[in-house]
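Peer 1: Each chain is listed here by its residues.
Protein chains: 2
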Amino acid sequence: MVLAVAAALDQRRLSLLVFVSTVFLISAPLSAASAPWTFWPPAPARGDEGCLSWRVMVEANNAKNWRTVPAPCIPYVYNYMSPVWGQYARDVASAVDQMLAYAGTDTAADNGLDAWVLDVDDTCLSNLPYYQANHFGAYDPAAFRAWASKGICPGIPAMVKLFWTLKGRGFKVFLLSGRAEETLAAPTASNLAAAGFAGYDRLILRGVGHRGESSVEFKSAMRRRLEEEEGYRIRGNVGDQWSDLQGHSTGDRVFKVPNPMYFVP
Amino acid sequence: MVLAVAAALDQRRLSLLVFVSTVFLISAPLSAASAPWTFWPPAPARGDEGCLSWRVMVEANNAKNWRTVPAPCIPYVYNYMSPVWGQYARDVASAVDQMLAYAGTDTAADNGLDAWVLDVDDTCLSNLPYYQANHFGAYDPAAFRAWASKGICPGIPAMVKLFWTLKGRGFKVFLLSGRAEETLAAPTASNLAAAGFAGYDRLILRGVGHRGESSVEFKSAMRRRLEEEEGYRIRGNVGDQWSDLQGHSTGDRVFKVPNPMYFVP
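Chains as they are written, first to last, in my numbering: chain R, 1 to 265; chain H, 1 to 265.
Worth double-checking, as some hints may not be accurate.
Pairs involving identical chains hold if they fit within one copy or between any two copies, as the list cannot separate such chains.
Calculated lysine-lysine pairs in the BS3-like style (CA-CA distance at most 25 Å, straight line) [as the list claims (entries may be wrong)]:
| id | residue 1 | residue 2 |
| --- | --- | --- |
| 1 | K64 | K150 |
| 2 | K167 | K64 |
| 3 | K161 | K150 |
| 4 | K161 | K64 |
These aren't lab readings, by the way, just hints derived from the structure by calculation.
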C-alpha cells in the first residue's frame, strides 16, 4: 500500500521529498566516501519543462533559424542525447517504427525504381561526439570538416535497422548529404561502411557546382534528378532537418528524425 | 554538499531511492491518515518515455492517421493536458512565443491586406473537457456536435494573447474551421466571443457545398479564395493539425499548436 502511494506521487513532488529523505538516509555514507556517486549523470537542469517545450517546437518546425541551443537548455540537450539514459535513442527508434509501419509489408516494385532517400549527418551517422565536445555551440565549418574527415561518426542504431530492412525489401537506398564532395567523399564513404551502412545504392554529396545553394535548393535538385531524369519514385524521405524534407520532389512521405543540436536552414 | 549530490541524481534513480526512503519516513503518518494525499495528481503512467516519444512523433507529423490515443498513453495524455500541472499549456505558450518572435515588432501593411489565419478547435477553443470525458477515444461526430453546440469551450489563454496582439498590430484575423456552418455557426460565434476572441474579421466555416472535402482540400480552397480573390497576404497560418497547414496557399509561415488528443487527416 505504501508502495502504491509512492507510485502515486509525481516526479516533482518526489524530488522535494527526496531532499529531506536523502539527508537522513545517505548523508553518512556520502560524507565518508563520495567518489562512487560521481559516475552518475549530471542533473537535469531546472527548467526542463521549458526546454522540453523548446525541443518540441524544434521538432514541429515552429522554432526556426536558431543558431545555438539556448544556453539554459544545454544541460537538457546533453541529457536528452545521452546514449546511456537519454530519450533521444527512444525517439529515433520511435520515428523508425513509424517509417516501418508506413512501409508495412510492402516490397519494392519489380521495376527497381522504388527508392528511399536518407540524409547522412545525424540521420544515419551521429555527430553527437563533436557537438558535445563543442558544448552544442555555434556551427564552425572548419572544425566540423576536421571532425567529419576522421570518419569516426557512430552509426545511429535504429537507422541501421531501417537501412537493412529497406534493402532487404528491394528498395533502392540513396544517401543524400550536403557534405562537400571534393573533401569529404572518401571519409564519408568509409565512415558509412564502418557504421553499418554498407551497400547503399548511391552516396550523393554536394559537388562544387552546388556550392552556395541552400540545403533545400541543393537537395530538391538532387531529388528531382532522381525522379525526373532517372525515373525513381521516392517512397520515403528521411532527415533530421526540415530542410531535408521541404522544397520540391520531397517524396511520397517525409519523416523527421529528432535533432535538438543544431538547425540547418 | 548533500543537497548538491541529491541534485546530481537523475529522476529515475531518485525514484528508486524514494521507494526505500518513503517506507522509512512516511509510512507511519500515511497509515494513520491517508486522505490528505488524495488530491495529488494521478501518477504518470509507467512508460511515459514511450508516450513522450509518441507525442513528439505526432507533433513532427511522423505519426499520422491514428484514430485514438494509444491505450497505454491515455494517462500520459491526461496528465499532459491537465490545466493544473500539465506541460500542454507551456507548449502552447512556447508556440505562441515563436509566432510573436516571427511577427517581431512588425505592424500590418497600410493596405489592410496582411492577414493571419487561425484554426478554431484546439487552436483557439479547447475541446479538452469533451475529449477527457470521452477518455480520448475515437471521434464520434454526433457527440462532438452536441458538445460544440453548447458553446462552452474554454479559450486557450496563450492564443487569446496572440489574437489580441495581432489585432493590436492591425492584422486581419480570419478564423477558419471545418465545423459545419449550418448547424454550428451560432454557437461557435458566441463561444468565441465568450472565450476572448471578440472582433475577428471573419469566421469561415464549412458550408454545405464543401461537405465531404478533406480538411486539407477545404481549408486550402478557403485560403486560396482569401489570397487570390480578395488579395489578402496570409502572413501566418496557425493550427493544431498538420492538415491545417498543408495543401496550397498555406501562407508565409505555418505554426503547429500541440494536440495529442486526436488526428484529423
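Peer 1: For every hint, state whether the structure bears it out.
Peer 2: Hint by hint, here is what the structure shows:
Proximity of K64 and K150 under a CA criterion of 25 Å is satisfied in neither setting, with 30 Å inside one chain copy and 38 Å between copies. Taking the shortest alpha-carbon separations for K167 and K64, only the inter-copy value of 24 Å comes in at or below 25 Å, while the best intra-copy value is 33 Å. For a Cα distance limit of 25 Å, the shortest separation of K161 from K150 inside one copy, 24 Å, qualifies, whereas the shortest one across copies, 50 Å, does not. In this assembly of identical chains, K161 and K64 lie within 25 Å of each other by CA distance solely across copies; the values are 21 Å between and 30 Å within a copy.
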